[in-house]
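Visitor: Note that the protein sequences, when read in sequence, are chains A and B. Be aware that the first sequence starts at 6, since it is given in this note's numbering, and climbs by one per residue. Be aware that the second sequence starts at -15, since it is given in this note's numbering, and climbs by one per residue.
Just so you know, these hints were derived from the structure itself, not from any lab. All of these numbers come straight from a predicted model, not from anything done at the bench. Be aware that one or more of the hints could be misleading.
When the alpha-carbon atoms are kept at most 25 Å apart in a straight line, the in silico DSS-like pairs for lysine-lysine are as follows [stated by the list, open to error]:
1. A/LYS77 / A/LYS405
2. A/LYS375 / B/LYS47
3. B/LYS47 / A/LYS405
4. A/LYS405 / A/LYS375
5. B/LYS47 / A/LYS77
6. A/LYS302 / A/LYS375
7. B/LYS5 / B/LYS47
8. A/LYS302 / A/LYS19
9. A/LYS77 / A/LYS375
Estimated spans, in silico, between C-beta atoms of each pair [to be verified]:
10. A/ALA127 / B/THR20: 58 to 68 Å
11. B/GLU(-1) / A/ARG67: 43 to 53 Å
12. A/ARG35 / B/LYS47: 32 to 42 Å
13. A/ALA897 / B/GLU(-1): 53 to 63 Å
14. B/GLY9 / A/ARG880: 48 to 58 Å
15. A/ALA127 / B/GLY9: 48 to 58 Å
16. A/SER63 / B/GLY27: 34 to 44 Å
17. B/GLN46 / A/ALA897: 28 to 38 Å
18. A/PRO159 / B/GLN46: 32 to 42 Å
19. B/GLN46 / A/GLU466: 19 to 29 Å
All residues carry an ideal CB built from backbone N, CA and C; glycine is no exception.
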Amino acid sequence: MIEPLLETKLYLPKPRSGVVARPRLSERLRRGAESKLTLISAPAGFGKTTLLTEWLASTPKRAVAWLSLDQKDSRPATFWTYLITALQTVAPGVGASALPLLQSADAPIEPVLTIMINELGAMPHDIAIVLDDYHVLESPDVEEGMIFLIENLPSQVHIVIATRADPRLPLARLRARGELVEIRAADLRFSHDEAATYLNTVLGLDLTAANVALLGERTEGWIAALQLAGLSMQGRADVAGFITGFAGNDRYIVDYLVDEVLQRQPDHVRTFLLSTSVLERLNGALCDAVTQRHDSKAMLETLEHGNLFVVPLDDIREWYRYHRLFADVLQAHLLESRPDDIAALHVRASGWYQGNGDLTEAIQHAMAAKDFDRAADLVELAIPVTRRDRQEATLHGWIKSLPADVILVRPVLSVGLAGALLASGEFEGVEARLQDAERWLQPAGTGPSDRASEMVVANEEEFDRLPAAIALYRAASALARGDVIATVSHAQHALDLSPEDDHLPRAAAAGLLGIAYWITGDSRLEAGHRAWAECVAGLYRAGHVADTFGCSLGMADIRRVQGRLGDAMRTYEHALEFAAAHGGPTLRGTADMYVGMSEICRERNDLPAANELLRQSQELGAHLGLPQNAYRSRVAMARVREAEGDPSGALDLINDAERVYRGDFFPNVRPIPAVRARLWVTQGSLGAALGWVREQGLSADDDLSYMREFEHVTLARVLLAQQTAVPDESVLHSATALLQRLLEAAEEGGRTGSAIEILVLQALTQHAVGAVPDALVTLERALALAEPHGYVRVFVDEGAPMASLLRAAAKDGIARTYVRRLQAAFTNTDADSRADQGLIEPLSDRELEVLRLLATDLNGPQIARTLVVSLNTVRTHTKNIYTKLDVNDRRAAIRRATELHLLSR
Amino acid sequence: MSRTPSDGGWDEAGEYEIRLKGHLGSRWSAWFDGLTLTEDSDGTTAIRGSVIDQAALHGLLQKVRDIGLPLVSVTRVDPRHPAVHAIDNRRPQ
Chain A
6 MIEPLLETKL YLPKPRSGVV ARPRLSERLR RGAESKLTLI SAPAGFGKTT LLTEWLASTP
66 KRAVAWLSLD QKDSRPATFW TYLITALQTV APGVGASALP LLQSADAPIE PVLTIMINEL
126 GAMPHDIAIV LDDYHVLESP DVEEGMIFLI ENLPSQVHIV IATRADPRLP LARLRARGEL
186 VEIRAADLRF SHDEAATYLN TVLGLDLTAA NVALLGERTE GWIAALQLAG LSMQGRADVA
246 GFITGFAGND RYIVDYLVDE VLQRQPDHVR TFLLSTSVLE RLNGALCDAV TQRHDSKAML
306 ETLEHGNLFV VPLDDIREWY RYHRLFADVL QAHLLESRPD DIAALHVRAS GWYQGNGDLT
366 EAIQHAMAAK DFDRAADLVE LAIPVTRRDR QEATLHGWIK SLPADVILVR PVLSVGLAGA
426 LLASGEFEGV EARLQDAERW LQPAGTGPSD RASEMVVANE EEFDRLPAAI ALYRAASALA
486 RGDVIATVSH AQHALDLSPE DDHLPRAAAA GLLGIAYWIT GDSRLEAGHR AWAECVAGLY
546 RAGHVADTFG CSLGMADIRR VQGRLGDAMR TYEHALEFAA AHGGPTLRGT ADMYVGMSEI
606 CRERNDLPAA NELLRQSQEL GAHLGLPQNA YRSRVAMARV REAEGDPSGA LDLINDAERV
666 YRGDFFPNVR PIPAVRARLW VTQGSLGAAL GWVREQGLSA DDDLSYMREF EHVTLARVLL
726 AQQTAVPDES VLHSATALLQ RLLEAAEEGG RTGSAIEILV LQALTQHAVG AVPDALVTLE
786 RALALAEPHG YVRVFVDEGA PMASLLRAAA KDGIARTYVR RLQAAFTNTD ADSRADQGLI
846 EPLSDRELEV LRLLATDLNG PQIARTLVVS LNTVRTHTKN IYTKLDVNDR RAAIRRATEL
906 HLLSR
Chain B
-15 MSRTPSDGGW DEAGEYEIRL KGHLGSRWSA WFDGLTLTED SDGTTAIRGS VIDQAALHGL
45 LQKVRDIGLP LVSVTRVDPR HPAVHAIDNR RPQ
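Between the sequences and the hints, there should be enough to build the whole structure, so can you do that?
Guide: In structure tokens, the structure reads:
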């Protein structure tokens, strides 16, 4: 992370001396500890944190994971990293395997939470998670995760939230279930008795009951105000006069009292308080830098002893912060009394943070000072780290806060912005930013003469990389536009411009080249494979092992298209071996390798192995799959179901796959709707399949390209099915012509994998019209291409017509051993375990699995967790189960399932 | 009813009045980014001024929340769109 993890945020504040005991609230907190959530919701200065620290100190045996939030925690990865780290202070090891997952850019949060929740559930003791200052969170993303956590909270864990605004959590539902205990402003206000105890017993002010009442009325029991009032009255002669004085006006009470307190401080203390009010956190060195004093550490200790709203953030008296309400009022005073000093204070804070290696804080203070040149310098320095840590969104935010003219003279920032835009999928502004930068890179004298200002560069190393970076970003945005030719030329240019040892940009350029060549298909598949191999090598050298999985997927896909199943298998295996050799935790993308291997096993008709690999992939969890694995694994499983004779189960999975589909830079060579259309053809749903053809606007006369090859082969299948149903010469003719053209294109592009399937279809067509000798010649070609790589399903999936054609081949002695193997594969696929469910539409295996879980007392989210799927998926399955069983609720479903003996399956 | 850009969309600037309980001295004008503060005899303060969009308005409300003063009202006072009741009052019976 750019900013170091701050220990002080996890510091459980110690109770202060001189606190009023509040048994009624302690009792409520105690009750709260038995429910899921305690919510302490009240405005600033109502004693929320004090109440919590008091209560926690009174139950010292309780394990408390404390987290003081700040705005930066609105980023989910930061929030959950802190929360897990806080948990580990009381539950060592919890979430340890989840933490590294939060490092990758777009890791889904739910799987991380699932790991954490399961580990928490195994804890032998109770744990309280306290989230202080929850209101500072600005993103609904964190709250989504919080809802998931609360819904699935193990019984020994309890959450306490202290906040100035009610959180966006399902409070009404929790309230209704009795799982929420609330402490609100009305409860926190000091009662008359508490005010009296505080003022007279704790502070020893000896006020009359009438004066206490007057103070109570004026402050309305607002604790911060009473504290300030007490502070102002200590050592004052005319206490009664003071009370009448401030009771008799409408002024904002805290402001009035801070005035009083400040007036009673010596000059140097007052100046110190105002100057340091711009800081979120205080320590001696930082305050020295900001105030230009040399005794800040002692000053902070004095302030703490004087109860001047300084809160220690650790046990060693290093870090402090002001009570936030006090700090806000101090800042208002500073703005009024020394408006011209504020920028200088921030600049000094920025300098201190820069010197201490915290660029994030340094940038924020520079921005607050409106010292944009300084901020821009710092942002330039932070660019390499943001890129390495995939924090492009943060970088984007910083650059957006800078004035346009500052960015314009800084080519490093212009290119940084282009990179951040690309990372967030905003392609439009990219080229303009690159051109802004390029203006400065032209040799002197040839650039535009209207340069009103000079170029500024703070990060020379980044500046030297700009030409290569510009070419690389151009390649990426060309690819996003679908301009393959431009992608290739820019990526090649980026490679030429990058030094040999600058591995990461070289790998990125090679990766883009790989994709571009792949999309081009045809003769460039091999070049694509080569580029990717180079990309993988570069990523290894740069230490980015996890990123190699994506490339391996692409390389294996190319090998499959080329009909080299064995090589594809080895690609997956090598990727796994390399990652294992690298050590460390299991990397994201591992699940994708298993899915790929499963697809090869399926093609080779090793269905048990295919199932086992999918199971392993699922067991690893969604968090170890790339974003596309969600749909890839479902498609793979659908194909296995289909091979097992469960077309409706396959169809469910395909629909589910479509729901979770997420595109990326990879060409979508086997679109899900086409996979589904093929299933429809197999199931005899010709109308639906023809609907797909219309929707896609496909025609047998289309120009052919590798990108649409899968769809065109599917079209041929639809046409052949149509002509089988209603014999029609013209349809037959278009189908055969299409297949012939597809075959020529595939052969020319070296796509043997495609050629095998096309030959199979041709052979079946010839066989169907009675041209047996032709069919056998075609089949023989397909067999010759397929046998060395162990293809089975491409033949067997064709069912009875292929079985009959193979019988003819066997009679002729064609590819004797191979044909015998294929024939044997037919006999093993007829068993249909679903035929005897007694339902019109049988339940799929997955639905049976869900049904069995419905019979337990697990709730929806728990079922989702068990199956490692989303709650929505469970709901879809449940709905389908109800429909198939013809029931309306869970209980009826279980009853019906019991009658049908479905639960014991 | 068709929406026009002037009927207060979330991306539109507008003039607002935020009324708080208690008197906030003029010192707080700077803290509220230069908006005008007016103390009224009923013990409330009106913070009035233009905000660039709804996000800015919510930011302003958070500042109010952070100093702990009770919020009395939030009113849009765009001079181009006088409040409806003002028009009604002038309508002849």
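Visitor: Next pair to validate is B/LYS47 with A/LYS77; report whether the Cα-Cα distance is within 25 Å.
Guide: 18 Å, holds
Visitor: Do the beta carbons of B/GLN46 and A/ALA897 sit within 28 to 38 Å of each other?
Guide: 50 Å, violated
Visitor: For the pair supplied as a hint, A/LYS302 and A/LYS375, confirm whether the alpha-carbon distance does not exceed 25 Å.
Guide: 28 Å, violated
Visitor: For B/LYS5 and B/LYS47, compute the direct alpha-carbon distance and say whether it is at most 25 Å.
Guide: 14 Å, holds
Visitor: Range first: 53 to 63 Å. Now tell me if the beta carbons of A/ALA897 and B/GLU(-1) are that far apart.
Guide: 59 Å, holds
Visitor: Kindly confirm whether 48 to 58 Å is satisfied by the beta carbon distance between B/GLY9 and A/ARG880.
Guide: 56 Å, holds
Visitor: Taking the beta carbons of A/PRO159 and B/GLN46, is their distance inside 32 to 42 Å?
Guide: Given about 34 Å between the Cβ atoms, the range holds.
Visitor: Mind checking the alpha carbons of A/LYS77 and A/LYS375 for me, to see if they're no more than 25 Å apart?
Guide: 20 Å, holds
Visitor: Given the proposed pairing of A/LYS375 with B/LYS47, does the C-alpha separation stay at or below 25 Å?
Guide: 20 Å, holds
Visitor: Cβ-Cβ distance between A/ARG35 and B/LYS47: within 32 to 42 Å?
Guide: 35 Å, holds
Visitor: What's the verdict on B/LYS47 and A/LYS405, does the C-alpha distance respect the 25 Å limit or exceed it?
Guide: It holds: about 23 Å lies between the C-alpha atoms, which stays within 25 Å.
Visitor: Is 48 to 58 Å respected by the C-beta to C-beta distance linking A/ALA127 and B/GLY9?
Guide: Given about 57 Å between the Cβ atoms, the range holds.
In this structure, the hints that do not hold are numbers 6, 17 and 19, in rising order.
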